[in-house]
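Novice: Residues per chain, in single letters:
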Amino acid sequence: MQKTISIPKTAAEDEKKIRLSELADRSVSVILRVLVNLSALLTVLVLAGIIIYILVMGIPNITPELFELKYNSDNASVMPALINTLIMVLATLLFSVPVGICSAIYLVEYSKRGSRLVKLIRVTTETLSGIPSIVYGLFGYLCFGVYFGFGYSLLSGALTLSIMVLPSVMRTTEEALLAVPDSYRQGSFGLGAGKLRTILKVVLPSAVPGILAGVILAIGRIFGETAALIYTAGTVARVPRSIMGSGRTLAVHMYQLFSEGLAMEKGYATGVVLLVFVLVINGISNLIGKKLGGEGESK
Amino acid sequence: MVEKLMKAVFLISACVSIAMVVLICVFLFGNGIPTIKEIGFFRFFFGKVWRPNNGLYGIYPMIIGSIYVTAGAIAVGVPIGVLTAVFMAEFCDNRLYKIIKPAVNLLAGIPSIVYGFFGLWVIVPAVRTLYGGSGKSVLTASVLLGIMILPTIINISETALRAVPGSYYEGAIALGETHEKSIFRVVLPAAKSGILAGVVLGIGRAIGETMALIMVAGNQKVIPKSMFDGVRTLTGNIVMEMGYATDLHRAALIATGVVLFVFILFINLIFSVLKNMSEKQN
Chain A
0 MQKTISIPKT AAEDEKKIRL SELADRSVSV ILRVLVNLSA LLTVLVLAGI IIYILVMGIP
60 NITPELFELK YNSDNASVMP ALINTLIMVL ATLLFSVPVG ICSAIYLVEY SKRGSRLVKL
120 IRVTTETLSG IPSIVYGLFG YLCFGVYFGF GYSLLSGALT LSIMVLPSVM RTTEEALLAV
180 PDSYRQGSFG LGAGKLRTIL KVVLPSAVPG ILAGVILAIG RIFGETAALI YTAGTVARVP
240 RSIMGSGRTL AVHMYQLFSE GLAMEKGYAT GVVLLVFVLV INGISNLIGK KLGGEGESK
Chain B
0 MVEKLMKAVF LISACVSIAM VVLICVFLFG NGIPTIKEIG FFRFFFGKVW RPNNGLYGIY
60 PMIIGSIYVT AGAIAVGVPI GVLTAVFMAE FCDNRLYKII KPAVNLLAGI PSIVYGFFGL
120 WVIVPAVRTL YGGSGKSVLT ASVLLGIMIL PTIINISETA LRAVPGSYYE GAIALGETHE
180 KSIFRVVLPA AKSGILAGVV LGIGRAIGET MALIMVAGNQ KVIPKSMFDG VRTLTGNIVM
240 EMGYATDLHR AALIATGVVL FVFILFINLI FSVLKNMSEK QN
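If you read the protein sequences in the order shown, they are chains A and B. According to numbering that gives the first Met the number 0, the first sequence is numbered sequentially starting from 0. According to numbering that gives the first Met the number 0, the second sequence is numbered sequentially starting from 0.
A portion of the hints provided could be inaccurate.
[Said to hold, decoys possible] Derived coverage of chain B by chain A (criterion: at least 3 residues anywhere in the stretch with Cβ under 8 Å from a Cβ of chain A; other residues may be distant):
hint: 1; segment: 38-44
hint: 2; segment: 99-105
[Stated by the list, open to error] Some chain B residues near chain A, calculated using beta-carbon distances under 8 Å:
hint: 3; residue: M19
hint: 4; residue: I237
hint: 5; residue: V261
hint: 6; residue: I263
FYI, nobody ran anything at the bench for these hints, they're computed from the structure. All C-beta atoms, glycine included, are put in the ideal place defined by N, C-alpha and C.
With the sequences and hints as input, model every part of the structure.
Specialist: Below you can see the structure in the form of structure tokens.
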């Protein structure tokens, strides 16, 4: 852009050299710019490709019988899987959200910054968020399925997933609590409220949108999870009588259809259902992000 | 009284994550280490044949497979990811940013099983027509995984780039560099350790990915000779056989998971070191 530097004009040769290097400069810049733009374009195109592909392959296979209540070999209905998924989401949130919020409250409101315990908690949450879902699956199978004797059940699955989503619930809640201005706390203290009352009545309510964003993120992960559920919640294609029974979620259902190789087209239809949920969940979290104010998003 | 009680509740909750990591380690190592001892350390890690029916449990081909596929994913995902992050942080206006940022987040939200279906019916046939064979190969798996780790790399690189003080860029511009060269020669190097942390996290994601991978990798239990051969990873080994395995076979699969877990712990360690470095820098 502002490429004109005043250089004392000497011999014509020098000027030629400068021009050449300027030309090289400019062409390097152009190449870099093209590469950068191409990459960004590619990223967006890949996303669009995946979404369009699943929609095109799946929408023609969405029929009323896909949503029949019973699954059988003639009709690979997604309804049981859909219901199981919702149960799984609720059960997982029931375990993980209270623990996540309480631990974030401890980290933000009570702990001494930089203490050994806090450091240890940070390291372990980071470790938890890095563990692949298949390892969670093996652990859940060994711990909840075999050791505690829950077998293949929605409970085993939900407990496994609770550990998996705990770090993200914790982190988003922590950020939300940190974003609450200190003046709120001081005001509340000034009015004579105790610490607990301040947290529950003043700090927590104003952090709700941020906490909600974390919860929604967790819901998205629960919807998409497969590897951690196959060996914990199992693959039975019915809605179990109780939380102790085995049942497959939508994503597991999609995998089972693939591995049985019989009703692929139903697999795509399931993919559409799954994708719609993911899109809605993402939309909501974007909305909340915007509500939280532009500061997170502005440049 | 209530104050004290609730404080205890908060403290206990905060310790849940510590307890869980301990629990995971106890269960995985408690099951895995005796198995590895029973099979024999050397025969388990360096055995080239995995044939549970004959009592042969060598995971060497799977370790190599995981490394190949992860390296491939990095080769595909890192250049595109970092350049996209550069675009988002330095090149695009607000209007475009409002399209790309949600797109990247959405890419992170798509379930891996959906990626698997996409890979199986789009990337696999494409590789088959271009290079012959079955199309399920190291290359296919690398491309799919490369796409899947994009959001991780983009988001962390973008944060790292934005954390570089504006004076760096201004200084370079003042010295007469172009916008592009200022970014690539001054801003990008300054964000190096942050970007590297993103790459390491991407490695962790790639090595742990399971469901999408088994649909496109072919899962042959031999070390691939070229990038067009099928490959089985550590994660694939677990999922392919866990359903019907019993006794020592099952234990060996859990031990495979333990090996994967150790890899991940190691990768996490590198990640936190790099993250600390980049935070200190700025």
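Novice: Could you run down the list of hints and mark each one as holding or not?
Specialist: Tested hints:
Counting residues of the segment 38-44 of chain B whose beta carbon lies closer than 8 Å to any beta carbon of chain A gives 0, which falls below the threshold of three, so the coverage claim is violated. For a cut-off of 8 Å, the count of residues in the segment 99-105 of chain B with a CB near a CB of chain A stands at 7, and the three-residue condition holds. Evaluation of the M19 (chain B) hint against chain A yields a held restraint, the C-beta minimum of about 5 Å falling below 8 Å. Because the closest C-beta pair between I237 (chain B) and chain A is about 6 Å apart, less than 8 Å, the hint holds.
With 8 Å as the threshold, the beta carbon of V261 (chain B) stays out of range of chain A, its nearest partner Cβ sitting at about 10 Å, so the hint is violated. Evaluation of the I263 (chain B) hint against chain A yields a held restraint, the C-beta minimum of about 6 Å falling below 8 Å.
The structure does not agree with the numbered hints 1 and 5 stated previously, though it agrees with the rest.
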